[in-house]
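**Q** Protein sequences appear in the order of chains B and D.
Numbering-wise, the first sequence is residues 14 to 100 according to the numbering used here.
Numbering-wise, the second sequence is residues 23 to 294 according to the numbering used here.
Among the hints, a few may not be true.
Dumping the calculated EDC-like pairs for lysine to aspartate or glutamate here, alpha-carbon to alpha-carbon at most 20 angstroms [claimed, not checked]:
hint	chain 1	residue 1	chain 2	residue 2
1	D	Lys100	B	Glu87
2	D	Lys91	B	Glu91
3	D	Lys91	D	Asp130
4	D	Lys91	B	Asp71
Think of the hints as simulated: they come from the structure by calculation, not from any bench.
Below, each chain spelled out in residue letters.
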Amino acid sequence: MSLLNFFGKGRRSAPVARDRLQLLLAHERGLGGGEDLAAILQQEILAVIAKHIAIDRDRVVVKLDRGDQVSTLEIDIEMPETALPKS
Amino acid sequence: MSKVVVVTSGKGGVGKTTSSASLGAALAQAGQKVVVVDFDVGLRNLDLVMGAERRVVFDLVNVVQGDAKLAQALIRDKRVETLSLLPASQTRDKDALTEEGVGRVIDDLREQFDWVICDSPAGIEKGATLAMRFADLAVVVTNPEVSSVRDSDRIIGLLDSKTQRAESGDRMEKQLLLTRYDPARAARGEMMSVEDVLEILAIPLLGIVSESPDVLSASNVGCPVTLHNPGSPAAQAYSEAARRLMGDNVAVSVPKERQSFMSRLFGRKAVA
Ligand SMILES: Nc1ncnc2c1ncn2[C@@H]1O[C@H](COP(=O)(O)OP(=O)(O)O)[C@@H](O)[C@H]1O
Ligand SMILES: [Mg+2]
Numbered sequence: 014m015s016l017l018n019f020f021g022k023g024r025r026s027a028p029v030a031r032d033r034l035q036l037l038l039a040h041e042r043g044l045g046g047g048e049d050l051a052a053i054l055q056q057e058i059l060a061v062i063a064k065h066i067a068i069d070r071d072r073v074v075v076k077l078d079r080g081d082q083v084s085t086l087e088i089d090i091e092m093p094e095t096a097l098p099k100s
Numbered sequence: 023m024s025k026v027v028v029v030t031s032g033k034g035g036v037g038k039t040t041s042s043a044s045l046g047a048a049l050a051q052a053g054q055k056v057v058v059v060d061f062d063v064g065l066r067n068l069d070l071v072m073g074a075e076r077r078v079v080f081d082l083v084n085v086v087q088g089d090a091k092l093a094q095a096l097i098r099d100k101r102v103e104t105l106s107l108l109p110a111s112q113t114r115d116k117d118a119l120t121e122e123g124v125g126r127v128i129d130d131l132r133e134q135f136d137w138v139i140c141d142s143p144a145g146i147e148k149g150a151t152l153a154m155r156f157a158d159l160a161v162v163v164t165n166p167e168v169s170s171v172r173d174s175d176r177i178i179g180l181l182d183s184k185t186q187r188a189e190s191g192d193r194m195e196k197q198l199l200l201t202r203y204d205p206a207r208a209a210r211g212e213m214m215s216v217e218d219v220l221e222i223l224a225i226p227l228l229g230i231v232s233e234s235p236d237v238l239s240a241s242n243v244g245c246p247v248t249l250h251n252p253g254s255p256a257a258q259a260y261s262e263a264a265r266r267l268m269g270d271n272v273a274v275s276v277p278k279e280r281q282s283f284m285s286r287l288f289g290r291k292a293v294a
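Excised from the complex, chain D in its bound form (with noise of 0.2 angstroms):
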């Protein structure tokens, strides 16, 4: 059976598109067909963040409206043959989705896909409700910061009440992506720690990214960072949290500080 997961957050910029993108291709290299969709519209950027950027001619919106047939919109990875990304456009009308359209190319999806994988805009305005309106499964994108924290409780509130799941009863499951973490700072005591985050949004972890450089270079390269540099920690994050949404049962690591260069040559440890 199919699953329809929303990457969500409220906040920009604490790393949907890069999880979309890792977790998807994560889970494609894994062996199961995969469709990653970009519901930024007016703002698409999986397709960079993928690689994809040349070869989009239609999108999301022409599909919705009927203008393109869903086969002619999605875009086959070159690297991995079971995955596969539907591009948002770059139209600026904000009602170019229906909740009705959606719905219809959502269900098409889930006939030739594993895993439906929604890269939702930042905002809880429509673009945010439409992207999680379906969904069986919540990715809570959240970085250790209180902003975004925030900005994930509210999400939270609306995954419980606005999509097709909670407005028939059933329980939405979510589950938190705690990326961009720093596990020196958390270490000082300047960033929130893992448990403080899953104390106050209380949702089951999937998993922790640390803030890594090896994010940046992958995205540079258009490549998921999983493709890119398989043995990176971030990579290894993400293929973990996709095992974990298979079902397997792997333990979450909390990431540790890595040594310093310069305490590495002066002999200490940076650790507190």
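Here chain B stands alone, though its shape is the one from the complex (with noise of 0.2 angstroms):
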């Protein structure tokens, strides 16, 4: 066991916490008191497609990882049978 290690475990989580809070307050700051770009995305996306097909807001999924390269915004939702044209 190195001596890093035996002292390590308690400090080198503080790396950690900076690095989380880092990536966090970057986008809690990029909303500048107003909503989060990704709500507000997913709102209108949402939207565009309820204009064409009639939508169940209980089979829609919403998931998002905020990155500090990439953040991912995915948006499951479950479509009517009807919705489509049959080929």
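From the two separate chains plus the hints, produce the assembled complex.
**A** Following this line, the structure appears as structure tokens:
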């Protein structure tokens, strides 16, 4: 066991804390007190889709993962069978 | 039957959020279905302590106001399958939550979970009274320090008057969780002892969690201490408290002073 390990356990968590905060605050400050971009995007995307087909709000799954390089917004909409023309 | 638990204190910074996350995780690790709900609207932090901050899309306010379905706002923990989080919003609107809306959400949560753990904001205003409003049981988080004990006493008064249970004439069950306890300082008489606090507040003891660096590193990495470092004294204290909540008869052990590194070097016992 290295000395660093011996003294480490509590201490090494601090850089993790700093990184997590930097990432989170970058997103939160970007809001300027307003709404989260991801929340706005998903609302508008759903509104556009709802113009064309009836979507059941219970069948919509929204997942988000804010990363430092990329963030992913995943919107999973179950379409009623009648929504798409059959070929 | 599901239980709604409010984790409350009056005073801020005593360990409500830490305890909500740790008790919630410990109950889930014991196989219970658990949701922890952040009632600290405007100052959400439970997401950060549980490591879910990157995944928040909707929150309690969205659900209460009907802008999102409950299922869409719940965040499943990635480590413990039966643990979920309902985050608070960052809105500054103090009236974002209504009693009727919160009641509806709690009813829905009761149907899906064995335990609904409500992390109360500090204070005695609307946020704190809404968090306790529908609870079956209160965990009163207290530090062995005068202002914390006084504020806990105040909160116990509110629990006995402002909750639905109290208003309908039922007994509101309250249990004391003593946190940030320092055995060395208590031994030296610099900090109130467990007996002192219990005598003043006169409610049953749920557990004692020592002041511990393991708690800090757990929140640094966003992982409740019962998951991050299960062998640590803090994790064991929370796990035992969780077992007591589940009705197990586990005696509360009062943390003993551990010998400091220096006193071990010199072969002295630090205990008075
Ligand atoms: N047992 C403990 N040992 C050391 N630090 C603790 C302990 N419990 C809580 N803390 C720290 O105290 C601070 C306040 O805790 P928190 O849970 O946010 O309190 P509250 O929700 O009551 O305001 C946090 O920095 C937390 O890490
Ligand atoms: Mg808190």
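**Q** So, for every hint listed, does it hold in this structure?
**A** Outcome of the hint check:
no.: 1; hint: D/Lys100 - B/Glu87; verdict: holds (17 angstroms)
no.: 2; hint: D/Lys91 - B/Glu91; verdict: holds (15 angstroms)
no.: 3; hint: D/Lys91 - D/Asp130; verdict: holds (11 angstroms)
no.: 4; hint: D/Lys91 - B/Asp71; verdict: holds (7 angstroms)
Taken one by one, the earlier hints all hold for this structure without exception.
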